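Residue numbers (the numbering used here), protein chains in the order written: chain X, 1 to 431; chain G, 1001 to 1189.
Any given hint could turn out to be false.
[Stated by the list, open to error] Once the Cα atoms are required to be at most 30 Å apart in a straight line, the calculated DSSO-like pairs of lysine-lysine come out as: (1) G/Lys1110 / G/Lys1037; (2) X/Lys425 / X/Lys288; (3) G/Lys1173 / X/Lys314; (4) G/Lys1136 / X/Lys247; (5) X/Lys73 / X/Lys336; (6) X/Lys386 / G/Lys1110; (7) G/Lys1173 / X/Lys352; (8) X/Lys352 / G/Lys1110; (9) X/Lys73 / X/Lys386; (10) X/Lys73 / G/Lys1110; (11) X/Lys414 / X/Lys247; (12) X/Lys352 / X/Lys247; (13) X/Lys95 / G/Lys1173; (14) X/Lys289 / X/Lys314; (15) X/Lys352 / G/Lys1016; (16) X/Lys289 / G/Lys1016; (17) G/Lys1185 / X/Lys95; (18) X/Lys288 / G/Lys1136.
Hints listed in this document are in silico derivations from the structure and should not be mistaken for laboratory results.
Note that the coordinates shown come from a computational prediction; the quantities given were computed from them, not determined experimentally.
Next come the chains, spelled out residue by residue.
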Amino acid sequence: MIRIGYIIIGIAVLCFSSGAASALERFPPPEFEGGYEFPSTTTPHPQQDIYEYMDTVVLLAALSLASYLVLRKRSRRAIFILMVFSLLYFGFWRKGCVCPIGATQNIVLSIFDHSYAVPVAVAFFFLLPLVFALFFGRVFCAAVCPLGAIQDLVLLRPVSVPSWLESGLRLFAYVYLAAAVLFAATGSAFLICRYDPFVAFFRLNGNLNVLIIGTCLLVISVFIGRPYCRFICPYGILLRQLSRLSKWRVTITPDECVQCRLCEDSCPYGAIRRPSVSWPETEYGRGKKRLAILLVLLPILIILCGWSGSGLRKVTSRMHPTVRLAERIYLEDTGKVEDTTDASLAFRATGKETEALYREALNIRANFGLGGWFFGGFVGLMIGLKLITVSIWRQRTDYEAGRASCLACGRCFKYCPMEHARLNKTKEALV
Amino acid sequence: MMSENKNNINRRHFLKDGVWATCLAGLAGLGGFLLSKLKKNNTVWQIDPYVCVACGNCATYCVLEDSAVKCVQVYEICGYCDICTGYLEPEANPPDTGAEKELCPTGALKRVFVEDPYFEYNVDEALCNGCGKCVKGCTVFGNGSLFLQVRHDRCLNCNECSIAAACPSQAYKRVPANEPYLLKKMDHA
Chain X
1 MIRIGYIIIG IAVLCFSSGA ASALERFPPP EFEGGYEFPS TTTPHPQQDI
51 YEYMDTVVLL AALSLASYLV LRKRSRRAIF ILMVFSLLYF GFWRKGCVCP
101 IGATQNIVLS IFDHSYAVPV AVAFFFLLPL VFALFFGRVF CAAVCPLGAI
151 QDLVLLRPVS VPSWLESGLR LFAYVYLAAA VLFAATGSAF LICRYDPFVA
201 FFRLNGNLNV LIIGTCLLVI SVFIGRPYCR FICPYGILLR QLSRLSKWRV
251 TITPDECVQC RLCEDSCPYG AIRRPSVSWP ETEYGRGKKR LAILLVLLPI
301 LIILCGWSGS GLRKVTSRMH PTVRLAERIY LEDTGKVEDT TDASLAFRAT
351 GKETEALYRE ALNIRANFGL GGWFFGGFVG LMIGLKLITV SIWRQRTDYE
401 AGRASCLACG RCFKYCPMEH ARLNKTKEAL V
Chain G
1001 MMSENKNNIN RRHFLKDGVW ATCLAGLAGL GGFLLSKLKK NNTVWQIDPY
1051 VCVACGNCAT YCVLEDSAVK CVQVYEICGY CDICTGYLEP EANPPDTGAE
1101 KELCPTGALK RVFVEDPYFE YNVDEALCNG CGKCVKGCTV FGNGSLFLQV
1151 RHDRCLNCNE CSIAAACPSQ AYKRVPANEP YLLKKMDHA
């Protein structure tokens, strides 16, 4: 019996040594005599629909509540409680996925890939915080984003970052946003999801490298408030720009600023703008000249960065698996490497033509060449604009929360004596 | 002087309102565009079993401690062999059911006697880690009735599936959520 079995296997191996992946009937299904019935393969269904709608509703409710708490109630404690709720709900319970930061990539992919449709919840997750930012500022960052919340919770010893360093480091977020869009548009990878530093904490599991990055960021967050939000978050860039235009916004004082300077150091995120003295006469001329030079330099900078971005296509296109595979196959076929990889073996087993693979890879690389122009151009534009803003002098008479960088956390409210006067007034009214 | 100043502010406000309205319109436009593309169905991740090479990445790259990928058995394709190359080590001699002769590292593939000389093979999902060792054995030498699938009662449906990113044969696809499985069919050829 045993021998016969081996012989059958031997014959089977000889006959079908090609090892094709399709279901071959090497051994015809038996005809059972005892009335045996084939069990059916179970196919448990995903149970997401209800949750996704629930997430959208909770998001909308949390955003509305956050706007109310930040702009009307002006209570740091209430904002804090909502923030902890969001951390527990969107973070630990819903495992941090889907989030608006990552949803950016789905939106981009759906624009460039016509066969890809964005799920309803993802579309809402991307759009709602942006719409709220247009009306109420960055209330999403304040109390709804779980990534912001986890950093905000560990901020114990805030150290202020000099504004030139803050501004310089923020450039990384622009580069990150541009890269995420480039890789999503070419269908290569979802960079933001792959390097989401805190999702491993939410899932209590994850890639070791990302876990190390996340832990480092959390340790840094003890001293430097919300490093991810300020220097890395690509969605934060969109919120920044929209909240510049917001209809309503955080005001440190509920009344007139009395210039008491008490709030000066209350913001751990360096978002409080001090009153500025008028531009000194000597500086004025120099600033004017510098501005003129920068304005001329801006197009050159954009073209230069765009050209380098496009020139990097050989490197950037390696994010796409097909390009990686084609390069590997090329190396193997030209005898530059001896061994094989899982990917190259899998490709050879399919029996597809190498030429077709090369063509596809070259197409993708060409896309990266074109995308690289936009990627580099955007980065160049941002560097140029940053230099230009240095040469612009804004006049301010009061202490104000910076429109773009204020995360609406509400820490500054209690520092203002006018706020205490307001609270006392309401208390008296109640009594 | 005063009036000029006032004008200035007004112009600035006007411009700002214009940009604000443009942004809002832009967002609304984007919303409309997404709505026009909206399919009723969401998508989920699934493995195309005809492309999968059972490399073993599914067992290690999933973000879950216990991978959401499990081996499934389509019984209609199975040959119910006594000597199953998905069940036994190739060098198992004599090929009995001793634990050291089983291919499955976790003992998830169970063998049940049906009638002489046929045996039914079942996957115990609680034990299966999705390593694909049995899949390889069954596909190379057998009928290929064992193959890997993402089990959607476990899958978190991450925005970017970490296994998909590590898959050497690009076997992962987004499939409609109302038909979330790509089961092998009987080969009538």
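Status of the hints after comparison with the structure:
1. Restraint check for G/Lys1110 and G/Lys1037: the C-alpha separation of about 46 Å exceeds 30 Å, so the hint is violated.
2. The hinted pair formed by X/Lys425 and X/Lys288 fails the criterion: a straight-line CA distance of about 48 Å is larger than 30 Å.
3. Taking the CA atoms of G/Lys1173 and X/Lys314, the gap is about 26 Å. The hint holds against a cut of 30 Å.
4. The suggested pairing of G/Lys1136 with X/Lys247 is violated, with an alpha-carbon distance near 61 Å, which exceeds 30 Å.
5. The suggested pairing of X/Lys73 with X/Lys336 is violated, with an alpha-carbon distance near 68 Å, which exceeds 30 Å.
6. Between X/Lys386 and G/Lys1110 the alpha-carbon distance is near 65 Å, which puts this suggested pair outside the 30 Å criterion.
7. Proximity of G/Lys1173 to X/Lys352 is assessed by CA-CA distance (about 19 Å); at most 30 Å being required, the pair is judged to hold.
8. Distance restraint check for X/Lys352 and G/Lys1110: the Cα-Cα separation of roughly 36 Å exceeds the 30 Å cut-off, and the hinted pair is therefore not satisfied.
9. A hinted pair counts as satisfied when its Cα atoms are at most 30 Å apart, and X/Lys73 with X/Lys386 does not qualify at roughly 35 Å.
10. Distance hint between X/Lys73 and G/Lys1110 is unfulfilled; the C-alpha atoms sit about 62 Å from each other, more than 30 Å.
11. With a CA separation close to 23 Å, the supplied pair X/Lys414 and X/Lys247 stays within the 30 Å bound.
12. Annotation: proposed proximity of X/Lys352 to X/Lys247 is violated, straight-line Cα distance about 57 Å (limit 30 Å).
13. Restraint check for X/Lys95 and G/Lys1173: the C-alpha separation of about 22 Å stays at or below 30 Å, so the hint holds.
14. In summary, the hint linking X/Lys289 to X/Lys314 is not supported, as the alpha carbons are separated by about 39 Å, beyond the 30 Å threshold.
15. Restraint check: the Cα-Cα separation between X/Lys352 and G/Lys1016 comes to about 56 Å, which exceeds 30 Å; the hinted pair is violated.
16. With a C-alpha separation of about 27 Å, the suggested pair X/Lys289 and G/Lys1016 falls inside the 30 Å cut-off, and the hint holds.
17. Of the supplied pair hints, the one linking G/Lys1185 and X/Lys95 is violated, its CA atoms being roughly 35 Å apart against a limit of 30 Å.
18. As the CA atoms of X/Lys288 and G/Lys1136 are separated by approximately 71 Å, the hinted pair breaks the 30 Å bound.
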